[in-house]
Amino acid sequence: MFDTLSDKLQRVFKNLRGEGKLTAANMESALREIRVALLEADVHFRVVKQLIESIREKAMGQEVLDAFSPAQQVVKIVRDELIKMLGSHQSRLRFANEPPSAMLIVGLQGSGKTTSTAKLARWLEKNGHSPLLVSVDVYRPAAREQLAVIARSIKLPIYTGTPEEKTPLELVRSARREAVQTGRDVLLVDTAGRLHIDEALMTELRELRDLLSPSEILFVADAMTGQDAVKSAGEFHNQLGISGVILTKMDGDARGGAALSIRSVTGQPLKFTGTGEKPDAFEPFHPDRTANRILGMGDVLSFIEKVEENIGQKNAEEMQRKLLDNEFTLADFRDQLRQIRKLGPLESILGMMPDLGPMKDLKNVKVDEKELTRIVAIIDSMTPRERNNHMIINGARRRRIAKGSGTTVQDVNNLLKQYAQTRKMMKSFTGGGFLGKRLAKLKLPMLQQ
Amino acid sequence: MKQSLMIQTLFGAVPQEPNLLDRLKAGIQKTRAGFVERLEDALAGRKEIDADLLEELEFTLIGADIGVTTAHEILEGIRQRVDRRLVGDVSELKLLIRDSLLETLQAAERPMAHVEEPPAVVLVVGVNGAGKTTTIGKLASRYRAEGRSVLLCAGDTFRAAAIEQLAIWAERAGVDMVRQSPGADPSAVLFDALQAARARKIDYVIADTAGRLHTKTNLMAELEKMRRTASRVVPGAPHEVLLVIDATTGQNGLEQARRFTETSGVTGVVLTKLDGTAKGGVAVAIARELGHPIRYVGVGEKAEDLLPFEPDKFIDSLFSAPAASAP
Numbered sequence: 015m016f017d018t019l020s021d022k023l024q025r026v027f028k029n030l031r032g033e034g035k036l037t038a039a040n041m042e043s044a045l046r047e048i049r050v051a052l053l054e055a056d057v058h059f060r061v062v063k064q065l066i067e068s069i070r071e072k073a074m075g076q077e078v079l080d081a082f083s084p085a086q087q088v089v090k091i092v093r094d095e096l097i098k099m100l101g102s103h104q105s106r107l108r109f110a111n112e113p114p115s116a117m118l119i120v121g122l123q124g125s126g127k128t129t130s131t132a133k134l135a136r137w138l139e140k141n142g143h144s145p146l147l148v149s150v151d152v153y154r155p156a157a158r159e160q161l162a163v164i165a166r167s168i169k170l171p172i173y174t175g176t177p178e179e180k181t182p183l184e185l186v187r188s189a190r191r192e193a194v195q196t197g198r199d200v201l202l203v204d205t206a207g208r209l210h211i212d213e214a215l216m217t218e219l220r221e222l223r224d225l226l227s228p229s230e231i232l233f234v235a236d237a238m239t240g241q242d243a244v245k246s247a248g249e250f251h252n253q254l255g256i257s258g259v260i261l262t263k264m265d266g267d268a269r270g271g272a273a274l275s276i277r278s279v280t281g282q283p284l285k286f287t288g289t290g291e292k293p294d295a296f297e298p299f300h301p302d303r304t305a306n307r308i309l310g311m312g313d314v315l316s317f318i319e320k321v322e323e324n325i326g327q328k329n330a331e332e333m334q335r336k337l338l339d340n341e342f343t344l345a346d347f348r349d350q351l352r353q354i355r356k357l358g359p360l361e362s363i364l365g366m367m368p369d370l371g372p373m374k375d376l377k378n379v380k381v382d383e384k385e386l387t388r389i390v391a392i393i394d395s396m397t398p399r400e401r402n403n404h405m406i407i408n409g410a411r412r413r414r415i416a417k418g419s420g421t422t423v424q425d426v427n428n429l430l431k432q433y434a435q436t437r438k439m440m441k442s443f444t445g446g447g448f449l450g451k452r453l454a455k456l457k458l459p460m461l462q463q
Numbered sequence: 357m358k359q360s361l362m363i364q365t366l367f368g369a370v371p372q373e374p375n376l377l378d379r380l381k382a383g384i385q386k387t388r389a390g391f392v393e394r395l396e397d398a399l400a401g402r403k404e405i406d407a408d409l410l411e412e413l414e415f416t417l418i419g420a421d422i423g424v425t426t427a428h429e430i431l432e433g434i435r436q437r438v439d440r441r442l443v444g445d446v447s448e449l450k451l452l453i454r455d456s457l458l459e460t461l462q463a464a465e466r467p468m469a470h471v472e473e474p475p476a477v478v479l480v481v482g483v484n485g486a487g488k489t490t491t492i493g494k495l496a497s498r499y500r501a502e503g504r505s506v507l508l509c510a511g512d513t514f515r516a517a518a519i520e521q522l523a524i525w526a527e528r529a530g531v532d533m534v535r536q537s538p539g540a541d542p543s544a545v546l547f548d549a550l551q552a553a554r555a556r557k558i559d560y561v562i563a564d565t566a567g568r569l570h571t572k573t574n575l576m577a578e579l580e581k582m583r584r585t586a587s588r589v590v591p592g593a594p595h596e597v598l599l600v601i602d603a604t605t606g607q608n609g610l611e612q613a614r615r616f617t618e619t620s621g622v623t624g625v626v627l628t629k630l631d632g633t634a635k636g637g638v639a640v641a642i643a644r645e646l647g648h649p650i651r652y653v654g655v656g657e658k659a660e661d662l663l664p665f666e667p668d669k670f671i672d673s674l675f676s677a678p679a680a681s682a683p
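The listed protein sequences correspond, in order, to chains A and B. If you count the first sequence from 1, you need to add 14 to reach my numbering. If you count the second sequence from 1, you need to add 356 to reach my numbering.
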C-alpha cells in the first residue's frame with residue numbers, strides 16, 4: 015500500500031525541528047510529496063497544480079507551532095485546503111415547491127446509477143418522503159429489470175410501464191402521472207448510462223430535463239475514476255447543468271481524488287456517497303472525511319457515527335468509558351463483536367480506519383466472517399470469571415474451552431492473543447498519541463463524559 | 357509472439373478483419389484527441405529540451421492515468437538519454453515516448469495457456485460496473501464468428517437482473533447459457549456449465565462473475581473457489597482469467613489488478629469503454645508493474661466492438677494521424 019502523506023512529510027521534515035519556520039527551501043520537497051500524493055489519489059493534475067499553489071502560499075513563513083510537528087502542520091494546511099475545495103459544509107437536496115419533485119440520476123456506464131437510485135429512494139423514505147422509482151434505461155439489457163428487482167427488495171413502488179411505452183419520455187410522463195395519483199412526493203428517474211460523447215443520448219437527457227424540470231440532476235461518479243473525471247463531469251455539466259454529485263464505491267480502497275476534480279470543474283456540491291452493496295450503504299457527503307481519505311488519514315468519524323447509529327448512544331458511552339478505563343473484558347469483546355456485525359461487512363468498517371500509528375496494519379487484516387462466529391462461540395464457552403479476567407485462563411481451562419466450543423486449543427490461544435492486541439489498540443485509540451488527541455478534540459456526544 | 361499469431365497457432369486461422377485498424381482508430385478517436393494532441397501541444401513551439409518541457413510531458417502521461425511511478429520511469433529513461441546527449445531534438449521526444457509505451461506493452465504480451473482438451477475456460481472478473489457482462493457478450497460473439505462453439509455460465513448470481521442481462525447477450529450471440537436461480541453458489545453454476553460443456557464438446561466456456569470490490573475478502577475467496585472448481589472439472593482450467601477494467605479507472609486500477617491476481621490468478625486485462633475520452637493509461641501501469649497483457653479493448657456498445665489488442669497497432673493508431681472519417 016501507499017505510504018501516507020503524513021509519513022512522507024514526516025521524513026521530509028525530520029530535520030526541521032529547531033529551525034522554527036517553514037521556509038521556501040524545506041517546503042519544496044514537501045510540496046513535491048504532496049503533489050505525488052494527490053496525483054496518486056487521482057486528483058486531476060491541473061487541480062493539483064492549483065492546490066499546490068495555494069498550499070505553498072499558506073504554508074510559507076508559518077511559525078512551526080509547538081503542538082504540532084512541522085509535518086502535521088503541513089498536513090493540516092493541505093487538509094484544510096482540500097476541505098475548502100470540496101465544499102465546507104454538507105449540502106441538502108432541493109425539492110420542488112409543488113410535489114412530485116423529479117430527480118434525474120445521470121452518469122457514465124457502470125458508475126452505479128441504478129444502485130444509487132435505489133439507495134437514494136431508501137434514504138428519502140427514511141427521511142419522511144415517499145419516492146416513486148422509474149427506470150428509463152431502455153438500452154442496456156435487463157437494466158429496467160434490475161431496478162424493479164431492487165425496488166421489490168426494498169419494498170418501494172416502481173413504475174414499470176406498459177408494453178406500449180417504449181421511449182424514456184413516454185415512460186416518465188406516465189410515471190409522473192402515477193406519482194401524482196398515488197401521492198408520491200419524489201419521482202426518481204434512473205437514466206441510461208452513457209459515455210458523454212454520445213450525442214443522441216445526451217439529447218435524450220436534455221429532453222427528459224425539459225419535460226420534467228427536475229429539482230435535482232444528480233451526477234453519479236465512481237470514486238475510482240482517474241484523470242478523466244474532469245472531462246466526463248465537465249461535459250455532463252455543460253450539457254445538462256447538474257445540481258449535485260453522488261460518489262459511489264467508496265467502500266473500496268480508492269482514495270477518491272476524483273471528488274476534488276469533479277467539484278472543481280463543475281462547482282456543484284457533492285451530496286452523497288455510496289459505501290457498499292446494501293441498500294442502506296448510502297450517506298450524506300462529508301468534505302472533511304473525504305479529505306482525510308484522499309490524504310490516507312482514514313475516516314474515523316464515519317466509523318464512530320456508524321457505531322452510534324447501530325449500537326445506540328448508551329451502549330456507545332459505556333463502551334467508551336470501558337475503553338478509557340481499560341476495563342474492556344472478554345465479555346465486552348464478545349458484545350462488541352456482535353454489535354460490529356450489525357454494522358455491516360467488517361472490511362468496510364476497517365477501511366474507515368486511518369493508516370496511522372497502531373492502526374496502520376489494520377487495513378490489510380483479512381477478516382473471515384465465519385471466524386467471528388467461532389470467536390463468539392469460544393467466548394460463550396468461558397465461565398463469567400474467565401470472561402472478566404483473561405489472565406486466569408491456563409492450559410487446562412483452554413482445553414476445556416476448546417472442547418466446549420468445538421474448536422482447538424490453538425484457536426483459543428489465537429483469540430486470547432487477538433484480544434490482548436485489541437486492548438492494546440483500543441488503549442492507543444483513546445489514550446495519548448496523535449489519534450487519541452484528535453479524537454478527544456472532536457466534540458462528539460459519546461466522548462463528552 | 358504477436359496476438360494474432362498466437363490465436364492462429366492455437367486455434368487455426370483468424371477470421372479476416374480488414375478494417376480492424378480503422379475501427380480501432382475510430383474507436384479510440386477520443387483517446388487520441390486527448391493524449392497525443394496534448395503531447396503535441398506540450399512539444400509545439402519548443403526548441404530546447406529543458407526540465408520544464410520534460411515535466412510537462414510527465415504531466416501529460418499522468419493525465420492519461422499512467423500513474424506517477426510509471427510516468428516517472430518513462431521520463432527518467434528519456435532524461436538519461438538527454439543527459440548523455442543521445443537526444444538533441446524536440447521532435448524525437450514523441451518518438452521516444454511512443455517507443456517506451458510500446459516496449460512496456462509488448463514486454464507484457466504472452467499467449468493464453470495451452471488448452472489440453474476443450475473446453476477452454478475463460479473466467480471474467482472485475483469490480484462492479486467495469487463492463488464484465490457486456491464484455492462476455494461480445495467475446496461470445498467473437499468466438500462464434502471464429503466458428504467456435506461457446507457456452508456461457510451465468511456466474512453473477514448476486515446482482516439484480518445480471519442473469520437476465522447475460523441471457524440477452526447469449527441470445528444475441530446465438531449461444532447457450534447455463535444458469536441457476538439468483539443467490540445460487542457461483543461455483544455450482546460453473547460446475548454445471550463445465551460438465552455440460554464437456555458432454556457437448558464445447559470449445560469455450562466463458563464464466564461471468566459478480567462484480568466485487570477487491571477489498572471484500574469474502575467475495576474474493578469465492579473467486580478462489582470458482583478457480584478450484586474449474587480446475588477439478590477441466591484440467592488446466594481456467595485457461596484465461598480476464599480482469600475487466602474500465603478505461604476511466606484511475607490509480608486504483610493497479611490495486612485492483614494486484615488483488616485480483618492474488619485471488620484469481622489474472623492472466624490478462626480487458627480495457628473497456630475506451631470509446632470515451634478516458635485513456636486507460638492504468639493498463640500501461642498494470643502491464644509495467646504486474647506484467648499482465650492487455651487482451652482486448654472495448655470501443656463501443658455493439659457486439660463487434662471488442663477488438664483484440666495488439667500493442668503496435670494500438671500505439672500506431674494512438675500516434676498516427678487521425679482517421680479520415682470516424683463513423
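No lab work stands behind these hints: they were computed from the structure. Treat the hints with care, since some could be wrong.
List time: in silico DSS-like cross-link candidates among lysine-lysine, alpha-carbon distance up to 27 Å [stated by the list, open to error]:
#1 B:581 to B:658
#2 B:581 to A:63
#3 A:384 to B:658
#4 B:581 to B:557
#5 A:417 to A:431
#6 A:140 to A:63
#7 B:658 to A:245
#8 A:292 to B:557
#9 A:245 to B:450
#10 A:140 to A:169
#11 B:450 to B:669
#12 A:180 to B:658
#13 B:403 to A:63
#14 A:245 to B:669
Here are the computed distance ranges between Cβ atoms for each label pair [unchecked claim]:
#15 A:177 to B:527: 15 to 23 Å
#16 A:74 to B:412: 21 to 29 Å
#17 A:98 to B:446: 34 to 42 Å
#18 A:106 to B:541: 55 to 63 Å
#19 B:618 to A:177: 42 to 50 Å
#20 A:404 to B:466: 47 to 55 Å
#21 A:74 to B:397: 47 to 55 Å
Don't be surprised by glycine CBs; every beta carbon is placed ideally from N, CA and C.
query: Against the structure shown, which of the earlier numbered hints fail to hold, in ascending order?
result: 1, 2, 3, 6, 8, 18 and 21
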